[in-house]
Amino acid sequence: MNWKRVWTVCRTDLKQLVQDKGYWMPMVAIGAIFFVVAPTILLLTITRIGDVGMIQQISKTLAVLPRAAQEQIQGTTPAGRTSYALAVFLFAPIAVVVPLTISTAVGASTIVGERERGTGEFLAHSPAGTREIYCGKLLASLIPGYITTIVGFGIYALIVNTIAGPSVGGWFFPTTQWWVLMFWVIPPFLAFTLSLVLRLSARVRSTAAAQQASSLVSLPLIMLSYSQSTGALFGAAVSGWIIGAVAWAIAIFSLTRGVRSVTRSRLLGVANGM
Amino acid sequence: MVEGLRVDPTPNPAAPTVELRCVTHRFGDNLALNDLSFIVPDRQITVLLGPNGAGKTTAIRAITGALAPQEGTVRTFGSDPSEEGDLVRPRCGVVSAKPALYDRLSGYDNLLYSAQLYDVPKARIAERIAAAADRFGIGAALEAQVGGFSTGMKTRLALARSVLHEPDLLLFDEPTSGLDPESSLAVLDLIREMTTEGCTVVMCTHLLAEAEGLADHIVIMEAGTDLTAGSAEALTESYWPGNLLVLDAEVPDQLDRVANWHGVVAYDRVDVANVYLDGFGRVPEMVAALVADGVRLTRVEPRQPTLEDLYFTIRRHSKGAGLSPVTATGQVLGSLTAGPPVARAAVAGAAPTTTEVTAR
Chain A
1 MNWKRVWTVC RTDLKQLVQD KGYWMPMVAI GAIFFVVAPT ILLLTITRIG
51 DVGMIQQISK TLAVLPRAAQ EQIQGTTPAG RTSYALAVFL FAPIAVVVPL
101 TISTAVGAST IVGERERGTG EFLAHSPAGT REIYCGKLLA SLIPGYITTI
151 VGFGIYALIV NTIAGPSVGG WFFPTTQWWV LMFWVIPPFL AFTLSLVLRL
201 SARVRSTAAA QQASSLVSLP LIMLSYSQST GALFGAAVSG WIIGAVAWAI
251 AIFSLTRGVR SVTRSRLLGV ANGM
Chain B
275 MVEGLRVDPT PNPAAPTVEL RCVTHRFGDN LALNDLSFIV PDRQITVLLG
325 PNGAGKTTAI RAITGALAPQ EGTVRTFGSD PSEEGDLVRP RCGVVSAKPA
375 LYDRLSGYDN LLYSAQLYDV PKARIAERIA AAADRFGIGA ALEAQVGGFS
425 TGMKTRLALA RSVLHEPDLL LFDEPTSGLD PESSLAVLDL IREMTTEGCT
475 VVMCTHLLAE AEGLADHIVI MEAGTDLTAG SAEALTESYW PGNLLVLDAE
525 VPDQLDRVAN WHGVVAYDRV DVANVYLDGF GRVPEMVAAL VADGVRLTRV
575 EPRQPTLEDL YFTIRRHSKG AGLSPVTATG QVLGSLTAGP PVARAAVAGA
625 APTTTEVTAR
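Same order as they appear, the protein sequences are chains A and B.
The first sequence lines up with residues 1 to 274 when you count with our numbering.
The second sequence lines up with residues 275 to 634 when you count with our numbering.
It is worth saying that the hints were derived from the structure and are not from the lab.
Only a predicted model underlies this, so the values are computations on that prediction, with no experimental measurement involved.
Please note: incorrect hints may appear among the correct ones.
[As the list claims (entries may be wrong)] Covered stretches of chain B, as calculated for chain A (at least 3 residues, CB under 8 Å):
{"no.": "1", "stretch": "354-367"}
{"no.": "2", "stretch": "379-392"}
{"no.": "3", "stretch": "566-572"}
[Unchecked claim] Negatives, chain A to chain B, calculated, CB over 12 Å:
{"no.": "4", "residue": "E71"}
{"no.": "5", "residue": "T77"}
{"no.": "6", "residue": "F89"}
{"no.": "7", "residue": "I143"}
{"no.": "8", "residue": "G169"}
{"no.": "9", "residue": "L268"}
We put the beta carbon where it would ideally sit given N, CA and C, even for glycine.
Please work from the sequences and hints to get the whole structure.
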């Protein structure tokens with residue numbers, strides 16, 4: 001495989017994405033809502049609220065968390081412990097929902113879009129191998145979602161530490177589990193979802209159909225990854241590594257199978273069944 | 275296989291750039307290519323001529339290996355493009371009927387994408403892009419987004435993109451579709467220019483006027499199959515029965531006397547008299563004799579067939595509607611002895627041709 005060509009396909013797709021505000025504005029909006037707006041409001045409310053009774057009530061609900069999670073919670077005051085729990089555990093799924101939503105939206109149209117615009121003809125006649133095209137498209141779908149997530153993660157860490165840090169005795173975020181989640185658990189979930197979305201994109205007749213089908217596929221995957229990533233955070237440090245390893249194995253298998261979905265006849269829109 | 279005639283006057287048939295042999299491909303129930311066979315001679319312009327749905331685009335796709343035909347063999351540069359596409363596609367430049375450009379990218383980025391995919395050396399990319407853009411007159415618009423380009427500009431950009439990597443084989447699928455006549459002429463001139471630089475060109479068109487004067491080699495296609503192929507001269511020799519002289523006179527009936535004259539192969543008269551001669555050398559003698567007989571001639575026109583005449587003749591022939599040459603409008607010009615052109619040539623008393631004629 002010629003990785004230079006893979007990167008060429010990927011970079012060109014990303015360039016087109018950057019040129020289209022309709023694509024990246026919602027991405028930024030989703031990232032901002034989940035990583036900035038919601039946590040800021042929630043944490044500010046908890047740390048600045050004067051109602052001690054309410055804080056204590058919320059604090060009591062932390063008792064439902066698994067023992068391993070409870071042991072991790074820092075802070076000496078109810079407000080501090082609540083802030084810590086919200087920052088570390090409640091927002092974990094955000095880190096999964098954002099990249100999956102964005103990457104699914106990009107990936108759904110990536111191959112069928114080439115066909116609809118007629119540019120699939122150019123790619124089909126080009127020396128780029130179908131594996132190179134597939135990998136380029138996969139990266140071009142993965143990068144926007146993952147980059148948004150990493151940037152959002154950085155901003156989120158800053159917000160959490162600034163707002164809740166003083167209540168729990170200093171900067172505490174990201175925790176080890178969050179590092180594992182961001183760089184070990186989320187990427188394979190993203191790759192697995194995209195391997196399915198790209199398969200759909202290669203097979204359906206229109207972008208609209210691809211978007212619909214991708215939503216159907218990605219929704220259960222978002223729920224699955226939500227629960228698994230929450231589990232990775234709640235459990236001992238090793239659980240994140242195990243969940244990630246299993247997810248990687250599934251993702252690699254699915255990606256390997258998915259390579260076959262991109263064929264020149266599908267790029268041309270003349271494959272049987274199209 | 276359709277029985278008919280096939281003319282292959284290839285200068286070097288041993289080494290054609292492209293060879294399709296008995297290629298068949300179906301899209302579901304639709305037979306896109308049906309036992310298609312033709313060659314593309316090296317360094318010539320081959321025109322695939324046929325109506326919409328004749329299989330021209332599918333043939334182009336088979337040539338680069340973008341489509342693997344279900345039956346038959348394709349050889350491009352001696353390789354099977356569906357198996358050895360890596361050897362074939364880098365040497366091909368393709369312009370599709372729809373320019374296949376990325377509207378959201380600039381003209382420059384479209385060219386850059388192609389240059390990188392086709393492995394143009396990094397150090398030469400800028401220079402090649404500038405040269406191609408200047409050549410096709412789009413240098414000033416390179417930084418603009420392609421979505422705002424006119425159809426003509428898009429075609430020029432697609433042409434520039436096709437030559438960036440200096441391909442040996444250029445495949446143009448109806449490159450002038452959607453262009454105004456002036457732009458079409460400019461594009462055809464550019465295509466002609468490319469063969470002078472050593473490129474082999476395959477161009478699909480359904481416009482006879484485009485093929486006229488441009489094609490070195492013509493493949494006439496219909497319903498996924500090749501009806502015939504050869505140079506315009508070879509096709510004329512094979513399908514145009516003798517030399518047609520159009521005569522008219524103040525009293526047209528007086529022209530009928532020439533029907534039995536020596537050297538007249540066939541004769542008919544509807545509005546004008548169509549006289550098929552065994553050679554145009556007889557015209558002065560014939561005119562002199564008519565004038566001497568008191569016939570007041572109003573028209574004497576030796577007629578060479580246009581590609582359009584040939585095309586309709588061949589298509590009529592393929593449909594088994596008889597062998598008489600017809601005009602572009604479908605008017606039958608003469609009624610000769612039924613049979614293949616070779617037989618007609620014999621009737622006409624013409625010398626046997628050296629053109630290869632194979633049963634098809």
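Problem set entry | Status of the stated non-contact between E71 (chain A) and chain B (beta carbon gap over 12 Å) | holds, 52 Å
Exercise. At a Cβ distance under 8 Å, does chain A reach at least three residues of the stretch 379-392 of chain B?
Worked result: Coverage by chain A holds for the stretch 379-392 of chain B (7 residues, Cβ < 8 Å).
Exercise. Do three or more residues from the stretch 354-367 of chain B put their C-beta atoms closer than 8 Å to C-beta atoms of chain A?
Worked result: Coverage by chain A holds here, the residue count being 5 at a Cβ distance below 8 Å.
Exercise. With a Cβ-Cβ cutoff of 8 Å, does the stretch 566-572 of chain B contain at least three residues near chain A?
Worked result: Check failed, 0 qualifying residues.
Exercise. Regarding the assertion that T77 (chain A) does not contact chain B, is the least Cβ-Cβ distance greater than 12 Å?
Worked result: holds, 53 Å
Problem set entry | Interface exclusion of G169 (chain A) relative to chain B, criterion Cβ beyond 12 Å | Its Cβ never comes within 12 Å of chain B, the nearest being 50 Å, so this holds.
For this session: Test the statement that L268 (chain A) is away from the interface with chain B: the closest C-beta pair must be farther apart than 12 Å.
Result: violated, 6 Å
Problem set entry | Cβ separation check - I143 (chain A) to all of chain B, threshold 12 Å | Its Cβ never comes within 12 Å of chain B, the nearest being 17 Å, so this holds.
Problem set entry | Given as non-interface: F89 (chain A), which should sit over 12 Å from chain B by C-beta | Given a closest Cβ separation of 41 Å, the condition holds.
Hint check: violations occur at hints 3, 9; the rest are consistent with the structure.
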